[in-house]
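Asks: Single-letter residue listing:
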Amino acid sequence: MTDTTAGDGLDLPGYVRKVGDPALATAEYGSTTYRAPSRLEILPHTLTEVTGPAFGEDRVTLGDADLTRQRTGEPLGERIIVHGRVLDGDGRPVPDTLVEVWQANAAGRYMHDGDRHDAPLDPNFSGAGRALTGADGSYRFTTIKPGAYPWRNHPNAWRPAHIHFSVFGRAFVQRLITQMYFPGDPLFGQDPIFNSVRDERARLAMVSAFDLDETVAEWALAYRFDIVLRGRDAVMFEEEDEQ
Amino acid sequence: MSRQVTPSQTAGPFLHIGMLWPDGPTVVTDTEPGAFWIGGRVIDGAGDPVADGLIETWQADAQGRFASAEDPRGTTTDFRGWGRCETDAQGGWRIRTVKPGPVPGPGGTVQAPHIDVTIHARGLLRQVLTRIYFADEAEANAADPVLAALPDAARRTLLAQPAEGGYHHDVLLQGDDATVFFDH
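Residue numbers (the working numbering), protein chains in the order written: chain A, 1 to 243; chain B, 1 to 184.
Just so you know, these hints were derived from the structure itself, not from any lab.
Possibly wrong hints are sitting among the right ones.
[Unchecked claim] Chain A is faced by these chain B residues, among others (derived, beta-carbon under 10 angstroms): (1) Gly34; (2) Phe36; (3) Gly107; (4) Gln111; (5) Gly123.
[What the hints assert, rightly or not] Rough simulated footprint, nothing fancy, chain A against chain B, three-plus residues with beta-carbon under 8 angstroms: (6) 9 to 16; (7) 42 to 56; (8) 63 to 73; (9) 126 to 138; (10) 142 to 150; (11) 154 to 165.
Ideal Cβ placement from N, Cα and C applies to all residues, glycine included.
Kindly produce the complete structure, drawing on both the sequences and the hints.
Replies: Structure (C-alpha cells):
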C-alpha cells in the first residue's frame with residue numbers, strides 16, 4: 001500500500017474499464033437522442049474516484065427488504081424472493097454496501113405520478129426496497145413479481161418484467177445502476193434497453209436464475225441475481241501480460 | 001478468468017421510487033462552517049430541462065479527506081461527502097455542502113478542489129460522470145492535472161460560478177457548449 005500523506009501525489013490502482021456496458025447513444029432507444037453525451041474525455045482514477053460513500057445500518061430498517069409488508073395489507077401478485085451476492089470483478093464479496101431496488105407492481109404499474117399506464121395501482125405495494133449486504137456480500141428481498149408494461153418507444157413496445165437495482169460498492173466509479181430481468185422472458189427480443197448490451201454473455205449477466213433451493217415451500221418462488229461490480233486494475237495488467 | 005461485470009441499464013423515469021432520500025441534498029447541515037448551496041440546471045441537447053433525472057455527488061471534506069476505507073491515507077473524517085438530488089420540472093438541482101480541500105493527484109500533482117458528479121436519468125443507458133471545479137480557485141485550477149488535459153473552452157464548462165448563497169453550475173448534456181463528461 002502506498003505510504004503517503006495529504007499533499008503528496010498519490011498513484012493508485014484504478015478500476016478496470018467496464019466490458020459489456022451499453023453505448024450511451026443507440027438508435028433503438030429514443031430517449032438517448034437528446035440526452036447521451038456525444039464525447040467523453042479520459043479521467044484518471046484519482047483518490048476521488050477510488051473512494052466512495054459508506055452507509056451503515058442507520059440507512060436501512062428491518063422492513064425495507066420485505067416489499068410485501070410495508071403497508072397495512074398484503075400486495076396482490078406472485079410473492080417471490082430475490083437474493084444473491086454483490087461481488088467485485090475478482091470474485092471478492094462486497095460487504096456492507098447499500099442495495100436499493102424499485103419496481104412496478106404485479107399489474108405492471110409504478111406507484112409514480114409519471115406512470116400513466118392503464119393498469120391498477122396496488123395500495124399495498126410501493127415497490128421500493130433497501131438492504132445492506134452481509135459479510136459475504138449477500139442480500140435478500142421479498143417482493144412481488146413485477147408485470148410487463150407498455151411504453152411509447154416504438155409501436156407496441158413493452159418492457160420485459162424487471163427490477164431496478166442501485167448498488168454503491170467501495171468506490172465512486174464502482175457505482176452501478178442496472179435492471180434485473182427474469183429468465184426466458186418472451187419480451188427480450190424487442191426490448192431496446194435490454195439489447196443495448198450487445199454482448200450476449202454480458203446481457204445474460206442481467207438475467208436472474210430460477211432458484212429452486214431457495215424457494216420456500218407453500219410460500220414463495222426464488223430467483224438468484226449475483227451482481228458483479230468492477231474489479232481493480234491489477235486484473236487488466238495480468239491480461240496484458242498474457243498477450 | 002474474471003467474472004462478467006454486470007452491465008449498466010438506465011435508471012428510467014421512475015427512479016424517484018427507489019433513490020430519493022429526505023436528506024439527500026444536504027451533505028452538511030446548516031450549522032456547518034462554510035456551508036453553501038451549489039446548484040443549477042441539467043439541460044438536454046434540444047435545450048429542454050431534464051426534469052426526471054437525479055444527480056449524485058462525491059467529494060472530500062474541507063481538509064481534502066475522504067470518509068472511505070479505500071483512502072490509503074486512512075480515514076480521519078466522518079464527513080458524509082455524498083449527496084443526491086432529483087431534478088425538478090426546470091431541470092434544477094442543488095446540494096448543500098462545503099468546498100472540498102485539495103486532494104493529491106497522480107504523479108505528485110495536487111488536484112484543485114472538485115466534486116465528482118454522476119447523472120442518472122431516462123435516456124442515459126449508463127451513468128455519466130463529470131466534475132465541478134470552482135471558478136474562484138484560479139491558482140489551484142491552473143495546477144490541476146485533470147483540467148490541464150482539457151482545451152480552454154472545455155475546461156470552462158466545469159467551473160461553478162460564485163452566486164448568491166453559494167455557487168451556480170449548469171450541466172449541458174449535448175451541444176457546442178456541452179459540459180465535459182469523462183469516460184471512467
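Asks: Could you run down the list of hints and mark each one as holding or not?
Replies: Verification of the supplied hints:
The interface hint given for B:Gly34 is violated, since its Cβ lies 18 angstroms from the closest Cβ of chain A, which is over the 10 angstroms cut-off. The restraint placing B:Phe36 at the interface with chain A is violated, with a minimum CB-CB distance near 19 angstroms, outside the 10 angstroms limit. About 5 angstroms separates the beta-carbon of B:Gly107 from the nearest beta-carbon of chain A, less than 10 angstroms, and the hint is met. Because the beta carbon of B:Gln111 sits about 6 angstroms from the nearest beta carbon in chain A, less than 10 angstroms, this interface hint is met.
Below 10 angstroms, beta-carbon pairs count as interface contacts, and B:Gly123 has one with chain A at about 3 angstroms; its hint therefore holds. With 8 residues having a beta carbon nearer than 8 angstroms to a beta carbon of chain A, the stretch 9 to 16 of chain B meets the requirement of three or more and the stated coverage holds. Coverage of the stretch 42 to 56 of chain B by chain A holds in this model, with 7 residues showing a Cβ closer than 8 angstroms to a Cβ of that chain against a need of three. For the stretch 63 to 73 of chain B, the stated coverage by chain A holds: 11 residues have a C-beta nearer than 8 angstroms to a C-beta of that chain, and at least 3 were required.
A stretch counts as covered by a chain when three or more of its residues have a beta carbon under 8 angstroms from one of that chain; for the stretch 126 to 138 of chain B and chain A the count is 5, and the coverage holds. With a cut-off of 8 angstroms between beta carbons, the stretch 142 to 150 of chain B has 4 residues touching chain A; three or more are needed, and the interface restraint holds. For the stretch 154 to 165 of chain B, the proposed coverage by chain A is not satisfied: 1 residues have a C-beta within less than 8 angstroms of a C-beta in that chain, short of the threshold of three.
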